[in-house]
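K.L.:
First to last, the protein sequences are chains Y and P. Position 189, counted from 1, in the first sequence is what numbering that gives the first Met the number 0 calls 188; the numbers after and before it change by one each time, with no gaps. Position 303, counted from 1, in the second sequence is what numbering that gives the first Met the number 0 calls 302; the numbers after and before it change by one each time, with no gaps.
In short, the hints are calculated from the structure, not lab data. It should be emphasised that the depicted structure is a prediction, and the values quoted were computed from it without experimental measurement. Backbone N, C-alpha and C define an ideal beta-carbon position, used for all residues, glycine too. Warning: the hint list may mix true and false statements.
[Unchecked claim] Short derived list, chain P residues pointing at chain Y, Cβ under 10 Å:
1) Ser160
2) Tyr196
3) Asn198
So you can see what is in the structure, the chains are spelled out below.
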Amino acid sequence: MTECLTIAMPKGRIFDDAVELLRAAHFQLPPEFDDNRKLILEVKEENIRFILAKPMDVATYVEQGVADIGIAGKDVMLEEERDVYELLDLKISPCYLATAGLPGTKLSDIAPRVASKYPNIASTFYREQGEQVEIIKLNGSIELAPMIGLAERIVDIVSTGQTLKENGLVEYEKIADITSRLIANPVSYRIKEKRISELVSRLAEVI
Amino acid sequence: MTKLFMFEKPIGMRDTLPILYGAKMKVRHRMLQEIKSWGYQMIETPALEYYETVGEASAILNQQLFKLLDQQGRSLVLRPDMTAPIARVAASKLLKKRIPLRLSYSANVYRAQQREGGRPAEFEQIGIECIGNSTVSGDAESIALLVSTLKVAGLHQFKISVGHVGFIQELLVYALKSESEAEQCRKFLFEKNYVGYRNYVSSLKLPYDVEECLLSLLKMRGLEEVFQIAKTVVNNEAGKKAIGELEDLWVQLHEYDVQDYVSFDLSLISHMSYYTGILFEVYAGSVGSPIGNGGRYDNLLNQFGYQAPATGFGLVMDRLLEALGEIEEENDVICIMFSKEQRKEAISLAKEMRESGEAVVLQDIDGVSDVQAYVKSFTTVNYLVNVQEESK
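Produce the complete structure using the sequences and hints provided.
P.N.:
Have a look at this one:
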């Protein structure tokens, strides 16, 4: 009997995409994960256990070793800089990180302010542009910030651009393309090398 | 800032309570005995060093150093590792006497932690340094001693991944012919970002065979079969020498009979930037980070003004204890409870028992308010109590 493999997954859309991908790679998963309030899902046939976490926390579970592997957006990887292996670009849930603001506005000369859910990424991006900005960390509905005058710019994920448009914002600079990545804990990557390598090559075939 | 509560400690600092201390001491003792039996001599160095010397030489990130100023205004650091201080002592004093030099240590090192909990800022490392030995036998000895040290500590399930920094360097420079591109590749490998590495390599628009060669690095994991792949990819002198060293090491690990614990991963790069050759990391299944690492560092002593090759390893005690699992509480302390009429007898009984090797607590019964509760923590209790006194 092989050891159980624990996979940390974000809830929601990425989970559905990832499950589809795993099915395509011939993993025997049940047709439906019915009870969607459960945080731990066991798949006995494959000896796999899924733990369902907030997207931002997936890399944390994997780094700490309570999950062997995980599926995390590149945005999380850039923001959190966790000590984990980034093994595979799963190419699911594509979107990108960009700066946005009200049309025809500039960063303030006196105290430029940027609101974001990603303070680390935002700060690195503006530093690289040679701008010293103040970062304001928000946890959601980032679009509000320029609308009510909290910040001139926001740094956020854009997938269709619909949310920006509906709130009268325009995109300024694109920062990075984002897709979901397969990540692994450095110790699990060695100790459970066989299972993880097998999973990686099966997934690589269907991407 | 809120006022500190009296129970608070600085971030990352931990107390070692008696149960853990006992377990730690036992494991440490066994490990140091084993290391000693291989002829390594213990050494101690100060906790404070100059930032300009040891601080700069150690491979720990600047922001992870605890810094302070001495009375002359010089910057000091709390030692972030033991390898750099030992290199300092060896280069300035010991090497003049005898080469090669085998030293070992058990000491606390300090690294400021920036993230949330789960990472101590002060932790004990046990390790060895073998200085002045440039042969592969030195590397093999490090790994073999690492295996037997872990075994005597009681750990049986662990895995050592071995790589070679020199090989990676040769492969990258050989394939890319550009130091800045090689640097970028190293950075991706160091960050364990294989996706980034692959994307970067394909963005360089290299000839097909060169690209294949760079990508094959990620596949060089396993046992001796990796040498074959490695040889087809790199065939310059320095690259061949690196592979030759690994082959030699593999033979020697069989001679030590420790090959079952070892596998190769030629893409391995350590956070310790001073490594120059063979390097390794140790993993135990239940712990999320490596429990130790080591390797060859042939240029570090040079920073202290003495050219000498060296190799060694360090194990993180906390992680090792975590890998060992549950600690059984052991309490073989005997209690002698006395009342003042029999104090003299109690003292001489205790002395006798201590001389025969027992641990004995001598407790005046008048000093205990709840005798029932107190004696529960001992397996054996001897009462030398005057009963009349008691009933009075």
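K.L.:
Each hint should be assessed against the structure and marked as holding or not.
P.N.:
Going down the list of hints, with the structure as the test:
Using the Cβ-Cβ criterion of 10 Å, the hint placing serine 160/P at the interface with chain Y is satisfied: the shortest such distance is roughly 5 Å. For the restraint placing tyrosine 196/P at the interface with chain Y, the shortest Cβ-Cβ distance is roughly 9 Å, inside the 10 Å limit, so the hint holds. The beta carbon of asparagine 198/P comes within 8 Å of a beta carbon in chain Y, closer than 10 Å, and the hint placing it at the interface holds.
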